[in-house]
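Taken in sequence, the protein lines are chains A and B.
Under the working numbering, the first residue of the first sequence carries the number 11, and numbering increases by one thereafter.
Under the working numbering, the first residue of the second sequence carries the number 11, and numbering increases by one thereafter.
Treat the hints with care, as some may be off.
Identical copies go unnamed one by one, so any copy, or any two together, can satisfy a pair.
[Said to hold, decoys possible] Simulated pairs of lysine-lysine, DSSO-like, Cα-Cα distance not exceeding 27 Å:
| hint | residue 1 | residue 2 |
| --- | --- | --- |
| 1 | Lys217 | Lys117 |
| 2 | Lys68 | Lys142 |
| 3 | Lys19 | Lys79 |
| 4 | Lys71 | Lys42 |
| 5 | Lys217 | Lys41 |
| 6 | Lys217 | Lys42 |
| 7 | Lys79 | Lys232 |
| 8 | Lys117 | Lys194 |
| 9 | Lys217 | Lys232 |
| 10 | Lys42 | Lys212 |
| 11 | Lys98 | Lys28 |
| 12 | Lys41 | Lys98 |
| 13 | Lys212 | Lys98 |
| 14 | Lys28 | Lys210 |
| 15 | Lys71 | Lys38 |
| 16 | Lys16 | Lys71 |
Derived from the structure by calculation, the hints contain no laboratory data.
Protein chains: 2
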Amino acid sequence: MSDYSKLEKCLGYQFNDKNLIIEALTHKSFKKPYNNERLEFLGDAVLNLIVGEFLFLKFPKSNEGELSKIRASLVNETGFTRLANDIKLGEYIFISSAEERNKGRTKASILSDAFEAIMGAIYLESGLSALKPIVLKLLDESYDKINLDVLFSDYKTALQEITQARFGSIPEYKIEASFGPDHKKEFEVSIWIDEQTYGKAKGKSKKLAQQAVAKIAIDILKGSE
Amino acid sequence: MSDYSKLEKCLGYQFNDKNLIIEALTHKSFKKPYNNERLEFLGDAVLNLIVGEFLFLKFPKSNEGELSKIRASLVNETGFTRLANDIKLGEYIFISSAEERNKGRTKASILSDAFEAIMGAIYLESGLSALKPIVLKLLDESYDKINLDVLFSDYKTALQEITQARFGSIPEYKIEASFGPDHKKEFEVSIWIDEQTYGKAKGKSKKLAQQAVAKIAIDILKGSE
């Protein structure tokens, strides 16, 4: 049997039932009586809940649409592949030799599915309270501080409180430009407070760009206190 | 303040924080600083997990696609409206008078959203272990015994074990007919064991029809033991 201790260390979780980690790592091409598709089904649902709840609590003023949009930016094949790579999951996956030659070990769909399956397996064995901190730690370590700060903090609300107290007005955001094709558009947004601009920032949505430029304005205003 | 004790009795759950049940019952048309959309976001995710996990455990031999299909037949606007009606949720919802005149209290989208929000509120206040039995009890009470038996039990597997022991062969299922338009097709399936037919049954998918006819065959074979 392989040694999963390095993977378990990256996860911060030790499986009691080693058959469960094996099932979670087994791609359907490996032609065993089991594969990781059922655990992936479970993992997908539990990841959706964990990230959803986290955003719900972090953004008390965001509406359902905003929460859904931010969640969708994290809970998808690209996002899970990134987390799978962080814990070097590809090294442990069981795939057929054909899939091996076909670079299956680095394919986004295979890595993302295995990541979901591993999360489903931990949930199955130890429940939501055990899995939650593991998922949040992986997200926190993967997304660099600035991105995560922008994504998870409500700078717009914080800034508004500052400007209302100091200037008796609220910030204005203007879309300066947008770049790229429709499926991966970026926006550049400027910020204006009391008829003065405090900078520009780019983001993958108008909301993210606004959050980023609000952060810039907060830093400037706090520096001039 | 209204009296929610009847609703809480139907749910089998008493809210500690009455503001939470009020938020969950408040449709956006009611024009309060809060409405039930955020709780609905949370409820949607947690219902998806609870039903998914239930099916995962009940159908150990079903693959991801089958589990997804069965879940989709329960976790949707029609299904949640049905559960909302079972607990008479419409009587408690806060909606605008315009929405009231517009029969909002009986609209599927409004009822379904409020049901999800109530489930989200229970999850938020008391966690997954408190919510799970509530959801499963509501499902169990709403779907009549036969439907639920067919949906939640793996008759095909049970039958296969019986026929292998008794005849040394496995059952064959034949699609006899399909009815209705694409978006609500029904299938009729017959069952053959050892070159003899044991009956026909209809279902909303081939899988459900097969399960139903497998149940018929089991009853016949068990009667002749």
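Hints, one by one, checked against the model:
1. Taking the shortest alpha-carbon separations for Lys217 and Lys117, neither the intra-copy value of 31 Å nor the inter-copy value of 32 Å comes in at or below 27 Å.
2. Taking the shortest Cα distances, Lys68 and Lys142 sit within 27 Å of each other both inside one copy (15 Å) and across copies (24 Å).
3. When the C-alpha separation of Lys19 and Lys79 is checked against a cutoff of 27 Å, the pair qualifies neither within a copy, at 32 Å, nor between copies, at 36 Å.
4. Taking the shortest alpha-carbon separations for Lys71 and Lys42, only the inter-copy value of 14 Å comes in at or below 27 Å, while the best intra-copy value is 48 Å.
5. Taking identical chains as interchangeable, the C-alpha atoms of Lys217 and Lys41 lie at most 27 Å apart only when they sit on different chains, with a minimum of 24 Å there against 45 Å within one chain.
6. Taking identical chains as interchangeable, the C-alpha atoms of Lys217 and Lys42 lie at most 27 Å apart only when they sit on different chains, with a minimum of 24 Å there against 46 Å within one chain.
7. In this homomeric assembly, Lys79 and Lys232 never come within 27 Å of each other (Cα to Cα): the closest approach is 30 Å inside a single copy and 53 Å across copies.
8. Taking identical chains as interchangeable, the C-alpha atoms of Lys117 and Lys194 lie at most 27 Å apart only when both belong to the same chain, with a minimum of 21 Å there against 37 Å between chains.
9. For a Cα distance limit of 27 Å, the shortest separation of Lys217 from Lys232 inside one copy, 22 Å, qualifies, whereas the shortest one across copies, 63 Å, does not.
10. Taking the shortest alpha-carbon separations for Lys42 and Lys212, neither the intra-copy value of 47 Å nor the inter-copy value of 33 Å comes in at or below 27 Å.
11. When the C-alpha separation of Lys98 and Lys28 is checked against a cutoff of 27 Å, the pair qualifies only within one copy, where the shortest distance is 18 Å, while the shortest distance between copies is 47 Å.
12. For a Cα distance limit of 27 Å, the shortest separation of Lys41 from Lys98 inside one copy, 23 Å, qualifies, whereas the shortest one across copies, 50 Å, does not.
13. Proximity of Lys212 to Lys98 under the C-alpha cut-off of 27 Å is found in neither arrangement, the shortest distances being 31 Å within a copy and 48 Å between copies.
14. For the identical chains of this complex, Lys28 and Lys210 are neighbours neither inside a copy (51 Å) nor across copies (43 Å), given an alpha-carbon limit of 27 Å.
15. Taking the shortest alpha-carbon separations for Lys71 and Lys38, only the inter-copy value of 15 Å comes in at or below 27 Å, while the best intra-copy value is 43 Å.
16. Within a single copy, Lys16 and Lys71 get their C-alpha atoms no closer than 40 Å, and across copies no closer than 31 Å, so neither meets the 27 Å cut-off.
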